[in-house]
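Student: Residue-level listing of the chains:
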Amino acid sequence: MTSTSTLSEHESKALLARYGVPHAPERLVDSPDTAAAAADELGYPVAVKLCGASIAHKTERGLVRLGLGDRGAVAGAAAAVLAAAGPDDGDVGVLVSAMVKGNRELIAGCVDDAVFGRCVMLGVGGILAEAIRDVTFRITPLARVDAEEMVEDLATQALLGPFRGEPAVDRAALADVVMGLGEAFTAEADAVSIDVNPLIVVDGRPVAVDALVEVQR
Amino acid sequence: MNADELERFRALFDPRGVIVAGVSSHPGKFGFVAAHNILSHDYPHPVFMTNRDGADVLGHATYADLSRVPDGSADLVFVCTPAAANPDILRQCASKGVKAAFVASAGYGEAGPDGRAAQDDLVRLCEELGMLLAGPNGQGVISTPSSLCAQIVAPYPPPGRIGIASQSGNFVSSFLNYAGWSGVGVSRAVSAGNSAATTVADYLAYFAADPETGVGLTYVEGIDDGRAFYEDMRAVAEAIPLVVVKGGATAGGARAAASHTGSLAADDTVFDGVCRQAGISRAPTIEEAFEAAMAFATQPPPRGPNVFVLTTAGGWGVVTADRITRSPDLELMALPADLEAQIDAELPPRWSRNNPADMAGGETRDTVPALLEIVTAHPDVDAVVFLGLGIQSNQGRMERDGRFYPDFGLERIVSYHERQDVRFAEAAVRAADRHDKPVLVATELAVTQPDNPGVARLRELGRPAFASSYRAVAALEHMWRRSRWRHRRGLDPDPPGT
Chain S
86 MTSTSTLSEH
96 ESKALLARYG
106 VPHAPERLVD
116 SPDTAAAAAD
126 ELGYPVAVKL
136 CGASIAHKTE
146 RGLVRLGLGD
156 RGAVAGAAAA
166 VLAAAGPDDG
176 DVGVLVSAMV
186 KGNRELIAGC
196 VDDAVFGRCV
206 MLGVGGILAE
216 AIRDVTFRIT
226 PLARVDAEEM
236 VEDLATQALL
246 GPFRGEPAVD
256 RAALADVVMG
266 LGEAFTAEAD
276 AVSIDVNPLI
286 VVDGRPVAVD
296 ALVEVQR
Chain V
6 MNADELERFR
16 ALFDPRGVIV
26 AGVSSHPGKF
36 GFVAAHNILS
46 HDYPHPVFMT
56 NRDGADVLGH
66 ATYADLSRVP
76 DGSADLVFVC
86 TPAAANPDIL
96 RQCASKGVKA
106 AFVASAGYGE
116 AGPDGRAAQD
126 DLVRLCEELG
136 MLLAGPNGQG
146 VISTPSSLCA
156 QIVAPYPPPG
166 RIGIASQSGN
176 FVSSFLNYAG
186 WSGVGVSRAV
196 SAGNSAATTV
206 ADYLAYFAAD
216 PETGVGLTYV
226 EGIDDGRAFY
236 EDMRAVAEAI
246 PLVVVKGGAT
256 AGGARAAASH
266 TGSLAADDTV
276 FDGVCRQAGI
286 SRAPTIEEAF
296 EAAMAFATQP
306 PPRGPNVFVL
316 TTAGGWGVVT
326 ADRITRSPDL
336 ELMALPADLE
346 AQIDAELPPR
356 WSRNNPADMA
366 GGETRDTVPA
376 LLEIVTAHPD
386 VDAVVFLGLG
396 IQSNQGRMER
406 DGRFYPDFGL
416 ERIVSYHERQ
426 DVRFAEAAVR
436 AADRHDKPVL
446 VATELAVTQP
456 DNPGVARLRE
466 LGRPAFASSY
476 RAVAALEHMW
486 RRSRWRHRRG
496 LDPDPPGT
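Chains S and V supply the protein sequences, listed in that same order.
To convert a position in the first sequence, counted from 1, into my numbering, add 85.
To convert a position in the second sequence, counted from 1, into my numbering, add 5.
Chain S on its own, in the form it takes in the complex (with noise of 0.2 Å):
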């Protein structure tokens, strides 16, 4: 078995970004001060998230912050997550995000699986997703009525229709995720797998929140 690298979190966006998968707007910037700039550029409150190519287990660790509503709690943040960053992490920056605000957790990605190759996944998301197991898949390439079908096929269509005060998912914008993220791994052949996770349901459409393609070294 070969062995596979990841992208950081901003590079991984960045490159699902060029294929249709929306994202939050955010800057990668080196320093508290610059974080503070970066956050004042995109307006408060941020996230701010320690970001490099091998981070693993980012919350377990305390490297995200959410909510930050001020210059002083942007720079005091970025000053944490930099300072708790250690010597395997590699080559780090501070990722600066506009938070998003949604109810609805998706969870979508790619996967070269053993039997069948390369497909695309939907389901949802959250802490429970993988109790629930509420995912759908289809091979890649698939056609735009295989990702329309792949959203009807989700058992819990409650979560898309109307929720807690928020308008229905936009199926076709979700539908759009999934033909991205299908464009992606068949134009990506390095790519090994895809996670956006989450996937929140902002305003009724679908933005990824957290993304991390695998790429073969």
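Just so you know, the hints here were simulated from the structure itself, not pulled from any lab data.
The following residues of chain S were derived to be distant from chain V, with all beta-carbon distances above 10 Å: (1) ALA99; (2) ARG103; (3) PRO110; (4) THR119; (5) GLU126; (6) LEU151; (7) ALA168; (8) ALA169; (9) PRO172; (10) ALA183; (11) GLY246; (12) GLU251; (13) ALA253; (14) ALA258; (15) GLU273; (16) ALA274.
A short, non-exhaustive set of chain V residues, derived as facing chain S with CB atoms under 10 Å: (17) ASP229; (18) ASP230; (19) GLY231; (20) TYR235; (21) GLY267; (22) ALA270; (23) PHE276; (24) ASP277; (25) ARG281.
Quantities reported herein were computed from a predicted structural model and do not represent experimental measurements.
Idealized CB from N, CA, C, for every residue including glycine.
Assemble the complex: chain S is given as a structure, and chain V must be docked to it using the hints.
Tutor: Chain V only, in chain S's frame:
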């Protein structure tokens, strides 16, 4: 499929002459059973049997070897001999013009490294001889258009349009048993055995091209090349309805199982998606698979999701409505005003005024046939489920078998009820044909009282009743999903219902 391949499959399924190698005079041996089954079903072409001692078997002469079989007199050899003897037998058969071999013999890929080597040799030999190799270690092949029952298991099914290919020979038997039970027949059936050279996908590809076969039904376990499976199955599903049961969750999982996506791919959800993508009707059980195939083989395809339920009793309708409501694909349609008015004209005022339309015991002599026609004719209705066939004959049965029969007017009333149930069965079939829509009849009498006159009449007409409304709705779901899959991909000229 090229002309040579077609010719070899024809030799397997429509042979003009069969050699049975290794028949036995001992009724407990496969070599006896194979001879028995071939000779018992009016196969119209010559059957040549070999037996080591040249002894008569079942009153038929056998040959000690193949040298006396005339050239060009057999297309198929059914092989029951020990594996070690088979290469010579196959060479001799090829020299006589045999184009296909069904190898029932064990001792191949399932039997350790030596067996695997023997199997590889067998595949190479058949390639060299230009012979189709079915099996080895398979239970046989059935072909009703040719009255061929070359198998070491039972039963022989009624003729029909379902083509069966299975990685498990015993599931071929299960499907054939259901064919006998339902009367919905089979064109071809084959147990793929070890699938050394000819796989389930190959047989299904032949079925798709076979004018005798209208529906594919298959059981698969291991899938080696998922991409090839997808491409092959999709091509089949574009041609004919294809119902698949898969045994064994995919153990392989994903290469990058460390990713979230990979861990979510670890069971057979990927196979589920592949089926939906390829237009395959995946069934979770053997009975649901057969009943889906039965629906495909006997009912017109629905053009939309709207189901109307017609029932003679409330509870049946309620449970059926619940099942349809839970379906992600079907709609328990609202009762249209014009249909309500039409039904109202046929029933006393107490009927349910809803879907399900519960006749509430208000039927007169012609109500059921009239309502079947009215409901099926309505342009918003895409499919009908009818509940209540056979219940009057069920009471009639008790009266006929009881101590008072035939006195007290019982003979007359029992025969009236029986005639009525026959009429209802005929009305369901007529409505489906006239309006080109599925009309599914569901009653447990299909299982509990198969000779009930209503149930029996439906079976005679080739549209058997489903054993429960739950099972009827499951079959209808398979049908609608396939119609929708075709509509959405521009494979059918008809516009989609929704």
